[in-house]
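> Since the structure of chain A is already known, use the hints to place chain B on it.
Chain order of the listed sequences is A and B. Counting in my numbering, the first sequence runs from 1 upward without gaps. Counting in my numbering, the second sequence runs from 1001 upward without gaps.
Hints are not guaranteed to be accurate.
Said to hold, decoys possible - To give an idea of the chain B side of the interface with chain A (calculated C-beta under 10 Å), a few residues:
(1) I1027
(2) T1032
(3) D1034
(4) K1099
(5) N1217
(6) H1341
(7) A1343
(8) A1421
(9) G1476
Stated by the list, open to error - Derived DSSO-like pairs: lysine-lysine, alpha-carbon spacing no greater than 27 Å straight-line:
(10) A:K94 <-> B:K1099
(11) B:K1037 <-> B:K1165
(12) B:K1534 <-> A:K94
(13) B:K1080 <-> A:K94
(14) B:K1534 <-> B:K1440
(15) B:K1167 <-> B:K1245
(16) B:K1245 <-> B:K1037
(17) B:K1214 <-> B:K1167
(18) B:K1165 <-> B:K1247
Claimed, not checked - Distance ranges between label pairs, derived from CB positions:
(19) A:S52 <-> B:Q1018: 46 to 52 Å
(20) A:T26 <-> B:K1099: 22 to 28 Å
(21) A:D105 <-> B:S1388: 50 to 56 Å
(22) B:Q1018 <-> A:D57: 19 to 25 Å
(23) B:G1300 <-> A:Q95: 48 to 54 Å
(24) A:Q95 <-> B:D1306: 46 to 52 Å
(25) A:G27 <-> B:D1243: 39 to 45 Å
(26) A:D57 <-> B:P1157: 32 to 38 Å
In case anyone wonders, no lab produced these hints; they're calculated from the structure. A virtual CB, placed ideally from N, CA and C, is assigned to each residue, including glycine.
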Amino acid sequence: MPKAFTPKVVTANHLLAGDVIYQTATGWTRELREAEVLTDEADADLRLIEASQQVDDVVGAYLADVAVVDGLPTPTHFRETFRATGPSNYALGKQVDLATGNYEDAN
Amino acid sequence: MYSYSEFDTAFLASRNAQFRAQVERRISGALTEDEFKPLRLMNGLYLQLHAYMLRVAIPYGTLNSAKMRKLADLAERWDKGYGHFTTRQNIQYNWPELKDVPDMLDALAEVSMHAIQTSGNTIRNVTADHFAGAAADEIADPRPVAELLRQWSTDHPEFQFMPRKFKIAITGSPNDRAVTKAHDIGLRMLERDGQRGFEVIVGGGLGRTPMIGKVINDFLPEADLLPYLEAIVSVWNQIGRRDNKYKARIKITVHEHGIDEIRRLVEERFEQTRKTFSGVDQQMLREIEAHFAAPDFREGDTSAYDNARQHYPAFRSWSDTNLTKHKHPDHAIVTISLKAHGATPGDASAAQMRLIAGLAERYGYDEIRISHEQNVILPHVHKADLPSIYSALQAEGLGTANVGLISDIIACPGMDYCALATARSIPIAQEIATAFDDLKREHDIGQLKIKISGCINACGHHHVGHIGILGLDRAGVENYQITLGGDHTETAAVGDRVGPGFSADEIVPAVERIVDTYLDLRISADEAFIDTYKRTGMAPFKAALYPEAKVAAE
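Just chain A, with the same shape it has in the complex (with noise of 0.2 Å):
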């Protein structure tokens, strides 16, 4: 039996900060709770063909397992709660740039 399709975002690196983006529903954000949470495999897989497409701005567009917990995407991997944050060994990356604010618009 098929594998049961389990909910997705689509996620990328962006081309001039290299850092991670999600898509949402009209773009891009650098806040994994903003993305848009896939749940259809047909969707999804339609929407990460779009995002592949974006080449001027996104690199390396794959799908990502998400579990949703209160009404919010989150990782269910530990590889991209990493993405998701920042490096554990410095307070560096989303972890402080998403906290203060500190970060351009994604898209």
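Frame of chain A, contents of chain B only:
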């Protein structure tokens, strides 16, 4: 230190201008990522987990104060105030933005530095003994040859699109500090009947298939070096496997064909390459050697050093662990530990880099080296200056007395930064160092090399660690495998895997059990961990790590 010729400077300027145009074309959308990726990799620019990463070459680990200050400037101006020194004697910046990279490369060019061939399927930065030019046990300084190899391999038209990357390491000392047996080519300088030459080792490497290199030529006369190396790389370039990247490195080629067949093919090719070298390379080597002339070592009273050792226990402890015998009796080699307990192995802040630059300029004949063990070396220091250097280092968090001890851990960036990683390395290194520091046990434990990699590619050299730790992803959870008995020296050996891995919570207690077992087993404090392991084998360590297995067997 080698200073760039007009030709070197012009080449670098044109490469940087070329890459600037490529970045502009990528940003404008004229180049796709598929088109741009090989171009950026040729210039050391990766896209990692959180950001771009720029890997800057430090050829054979040699810097001076101007170069170190420039590295500090880059960290401050275009990164987040620090850099990470790697097991390849390079420095990596973890946070640059794409548009800034051409400016960073231009800034590096001001001090004759670059990021060329720090990635891609080319001959990478040539690494060397970090005590080169200073060690008491050295036959000759290997850096002039390393510089010749840099010039030969940079932009070599035949070797830009090889089956895989290619790494060369060189040592001028019988005591191998350059891990030559774990490189695609390892060179060990020898002297025979008054003639200088090399033992040439081929097909070593770590990664998913660790191999100890094999001797392809036990004495290659110095004059034949470039044509012979060109023959080796050329043979591999032709028959190395391009169908499977995991079988593409020369270690697999040597393994599949056998060293005797590879030697025969190389000799055959060498007959051709030798004719194409007119001797200009040897003339160039003589010119390069002049750049590496030893400094005019200062003579003088060293009693300040003896007094400080007598009266200051902290200085004595530091000088016990962080100094190495210099070829000049009044001098010492200083290893500055980038392994403060709980800090990230290999990281240095801009302020620390500037302090080191200042110390090198004031006390160290303006010479600095980076070790593959992720520390910084002041290769020539008059002993009378050591107390002043130690207090300056302490003030900037660089006075840790732990070189060669259990907290002097090699760790790759792991999943905190690296897109290839399967688990984190840095926090494990931090926790081990902190745990042993809390109990103040490491000086009693003595020489013990822990090396940690966050994936099978083994940038953290875990296979050759006395205790090797490999971080893996086991069903979505970080898991750490332990190997014991690895050796990175002239008696190189790949460590033995002890058994099932440990979770992130269990790995530090597991290392503590290994160390406790060693302390129980050692004959005396003079028997180092690796010697005890060689004497007893794995069984007692395995029993300590997996007591439940012992119970089950009984």
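> Does the structure break any of the earlier hints, and which numbers would those be?
The structure conflicts with hints 5, 6, 12, 19, although it agrees with all the remaining ones.
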